[in-house]
Amino acid sequence: MIHVDNLTKYYDDFCAVDQISLDVERGEIVGLLGPNGAGKTTTLRMLTGYFTPSAGDIRVKDVSVYDDPLAVKKVIGYLPESAPLYKGMLVYDYLSHLADIHGLSKSAKEKRLGELADMCSLRGIMHQTIETLSKGLKQRVGLAHAMMSDPEILVLDEPTSGLDPNQIVEIREIIRTIGKEKTVILSTHILSEAEATCDRIVIIHNGKIIADGSTQDIKANTSQADTIRIELMGAEADAVKEKLMAVSGVASVDIADSDEPETVRADVHCQSMGDPRIDLYETIKATDWVLTNFHRESKTLETIFRELTREN
Amino acid sequence: MRQALLIFKREFKDYFISPIAYIVIAVFLLMTGWLFFSTFFIADQADLRRFFSLLPFLLALVVPIITMRLFSEELNVGSYEILLTMPVTFGDIIVGKFLAGVAFVGAILLPTISYAVFISFLGELDWGVVLGSYIGALLLGAAYVAVGLFASSLTRNQIIACIVGMVICAVLAIIDKMLFFFPQSILETVAYLSAAVHFENIAKGIIDTRDILYFLSMTFIGLYATHLVMQEKK
Numbered sequence: 001m002i003h004v005d006n007l008t009k010y011y012d013d014f015c016a017v018d019q020i021s022l023d024v025e026r027g028e029i030v031g032l033l034g035p036n037g038a039g040k041t042t043t044l045r046m047l048t049g050y051f052t053p054s055a056g057d058i059r060v061k062d063v064s065v066y067d068d069p070l071a072v073k074k075v076i077g078y079l080p081e082s083a084p085l086y087k088g089m090l091v092y093d094y095l096s097h098l099a100d101i102h103g104l105s106k107s108a109k110e111k112r113l114g115e116l117a118d119m120c121s122l123r124g125i126m127h128q129t130i131e132t133l134s135k136g137l138k139q140r141v142g143l144a145h146a147m148m149s150d151p152e153i154l155v156l157d158e159p160t161s162g163l164d165p166n167q168i169v170e171i172r173e174i175i176r177t178i179g180k181e182k183t184v185i186l187s188t189h190i191l192s193e194a195e196a197t198c199d200r201i202v203i204i205h206n207g208k209i210i211a212d213g214s215t216q217d218i219k220a221n222t223s224q225a226d227t228i229r230i231e232l233m234g235a236e237a238d239a240v241k242e243k244l245m246a247v248s249g250v251a252s253v254d255i256a257d258s259d260e261p262e263t264v265r266a267d268v269h270c271q272s273m274g275d276p277r278i279d280l281y282e283t284i285k286a287t288d289w290v291l292t293n294f295h296r297e298s299k300t301l302e303t304i305f306r307e308l309t310r311e312n
Numbered sequence: 001m002r003q004a005l006l007i008f009k010r011e012f013k014d015y016f017i018s019p020i021a022y023i024v025i026a027v028f029l030l031m032t033g034w035l036f037f038s039t040f041f042i043a044d045q046a047d048l049r050r051f052f053s054l055l056p057f058l059l060a061l062v063v064p065i066i067t068m069r070l071f072s073e074e075l076n077v078g079s080y081e082i083l084l085t086m087p088v089t090f091g092d093i094i095v096g097k098f099l100a101g102v103a104f105v106g107a108i109l110l111p112t113i114s115y116a117v118f119i120s121f122l123g124e125l126d127w128g129v130v131l132g133s134y135i136g137a138l139l140l141g142a143a144y145v146a147v148g149l150f151a152s153s154l155t156r157n158q159i160i161a162c163i164v165g166m167v168i169c170a171v172l173a174i175i176d177k178m179l180f181f182f183p184q185s186i187l188e189t190v191a192y193l194s195a196a197v198h199f200e201n202i203a204k205g206i207i208d209t210r211d212i213l214y215f216l217s218m219t220f221i222g223l224y225a226t227h228l229v230m231q232e233k234k
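Chains A and B, in that order, give the protein sequences. Start counting the first sequence at 1; every next residue gets the next number (this note's numbering). Start counting the second sequence at 1; every next residue gets the next number (this note's numbering).
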């Protein structure tokens with residue numbers, strides 16, 4: 001559906017996007033993930049024809065953005081970050097203007113506006129000016145904007161940034177619904193966001209792709225081993241360290257003071273192979289320490305993300 | 001072309017959403033009315049010559065106020081991104097915005113027809129000359145709008161866009177009165193650049209292709225420069 005080949009963008013001397021190659025299949029929901037300034041927005045802007053690439057090619061449905069930018073724009077619905085819509089217009093006027101631009105006939109326009117009003121729950125705000133809308137409502141109008149022409153590909157730049165938790169859930173549900181039939185590419189720097197909505201995650205850092213795959217793939221492919229947090233009451237720090245280090249499968253132990261009184265906290269870093277939890281428990285059971293906390297910090301996307309994007 | 005007309009429609013409507021349009025119209029009418037009629041009865045002639053001779057300079061001040069928001073506001077708000085990712089070409093956008101500006105110049109000139117009607121009661125008014133002058137005024141306005149559009153495409157700050165536009169338009173309007181600054185050799189070329197001189201011919205009722213060509217080429221240069229700026233921004 002979308003074929004990105006060695007895409008590069010320079011802003012003067014600064015390389016914002018560095019030879020990105022990416023293939024997106026029909027019906028995928030892809031999350032572009034990365035810290036601020038990683039090149040997500042720049043990539044999306046090139047994809048939607050707002051920027052011209054410095055080098056490389058983008059082909060959408062086998063049409064290059066160089067050959068026929070207008071045809072590419074027609075298949076892509078785009079919502080820029082924070083939905084910069086025309087402020088002074090009524091929601092209805094705005095969407096109606098957009099429908100005209102997309103060349104919808106009068107009857108098709110009425111039908112499409114009705115569908116979008118239902119899908120994005122806009123019925124109540126059609127006759128409000130856009131500048132009076134809250135951020136969440138504006139974002140919903142933005143989604144309607146992006147979907148006006150019923151495009152096959154939907155590109156959303158940070159669709160949930162700046163929204164409150166309820167609005168985020170609403171927008172996420174709309175995206176999920178759309179994603180059943182359409183190809184969706186969205187960018188975000190919130191990991192739970194990507195995990196919740198996307199089939200596939202592409203992590204970008206400093207303009208390069210550093211990971212690409214489903215959340216499971218990415219979790220499986222990183223080297224980071226598990227950490228087990230243990231809190232023990234009535235124990236001596238040195239003794240704890242000594243005993244736990246002796247357990248097989250333990251790579252290192254960090255001792256720290258716990259928030260609770262008379263409690264020692266130990267972060268046990270495991271070796272990448274094996275699961276020492278049973279041995280750890282047996283070791284602790286043999287002492288007269290009181291175990292108050294035993295918790296495996298699973299490899300969340302957060303830790304993986306931090307590991308992948310850490311500056312060297 | 002259809003897309004350009006749609007953009008024109010939106011832009012033109014947008015003028016009347018904000019009160020700026022009405023303020024500009026009111027101020028323009030106040031200024032022309034006062035400047036024109038304060039000497040009208042002294043001159044004791046039933047024509048609009050002195051009204052039209054005000055226009056090159058007055059429009060140079062008014063048109064950039066009309067055009068300053070056309071691109072700058074979009075760049076500032078970010079809707080420029082939305083505009084550019086719609087299925088429209090640069091040409092559609094520029095022509096649409098340009099036409100909206102010209103139509104608005106038409107809208108501020110429209111009430112001044114009442115001057116002509118009023119004068120026709122006082123004496124014998126040559127309507128042919130008046131009609132020619134209005135066409136000339138629109139051509140002049142179009143050239144200024146193109147310049148203002150270019151100024152607006154340069155910056156996201158409307159004030160800067162306005163001032164840049166005013167400076168360029170005002171130079172075109174008064175350059176014929178500053179010819180003594182220029183060396184003999186380029187005098188004619190500089191004189192040709194004067195919008196006031198070309199407009200004066202039309203306002204007299206003389207339709208000369210050279211004058212029309214001047215306004216059309218100024219318009220084209222302004223629009224083409226805007227196109228280049230948009231290209232550069234990508």
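Derived from the structure by calculation, the hints contain no laboratory data. What you are looking at is a predicted structure, and each value in this text was computed from that prediction instead of being measured. Do not rely on the hints blindly, as some may be mistaken.
As the list claims (entries may be wrong) - Incomplete in silico selection of chain B near chain A, CB under 10 Å:
(1) V27
(2) R49
(3) V77
(4) I82
(5) V88
(6) L109
(7) L110
(8) T112
(9) Y115
(10) G132
(11) K204
Positions of the beta carbon are idealized from the N, C-alpha and C atoms, including for glycine.
Quick rundown of the hints versus the structure:
This hint is violated: B/V27 has a C-beta 21 Å from the nearest C-beta of chain A, more than the 10 Å allowed. Using the Cβ-Cβ criterion of 10 Å, the hint placing B/R49 at the interface with chain A is not satisfied: the shortest such distance is roughly 40 Å. Hint status for B/V77: holds, given a least beta-carbon distance of 5 Å to chain A, under 10 Å. Checking B/I82 against chain A: minimum C-beta separation of about 6 Å stays under 10 Å; hint holds.
Hint status for B/V88 relative to chain A: holds, with the closest Cβ pair at about 7 Å, below 10 Å. For the restraint placing B/L109 at the interface with chain A, the shortest Cβ-Cβ distance is roughly 25 Å, beyond the 10 Å limit, so the hint is violated. For the restraint placing B/L110 at the interface with chain A, the shortest Cβ-Cβ distance is roughly 23 Å, beyond the 10 Å limit, so the hint is violated. Evaluation of the B/T112 hint against chain A yields a violated restraint, the C-beta minimum of about 28 Å exceeding 10 Å.
For the restraint placing B/Y115 at the interface with chain A, the shortest Cβ-Cβ distance is roughly 32 Å, beyond the 10 Å limit, so the hint is violated. Because the closest C-beta pair between B/G132 and chain A is about 36 Å apart, greater than 10 Å, the hint is violated. A distance limit of 10 Å between C-beta atoms decides the matter here; for B/K204 the minimum to chain A is near 42 Å, and the interface restraint is violated.
Checked against the numbered hints above, the structure violates hints 1, 2, 6, 7, 8, 9, 10, 11; every other hint is satisfied.
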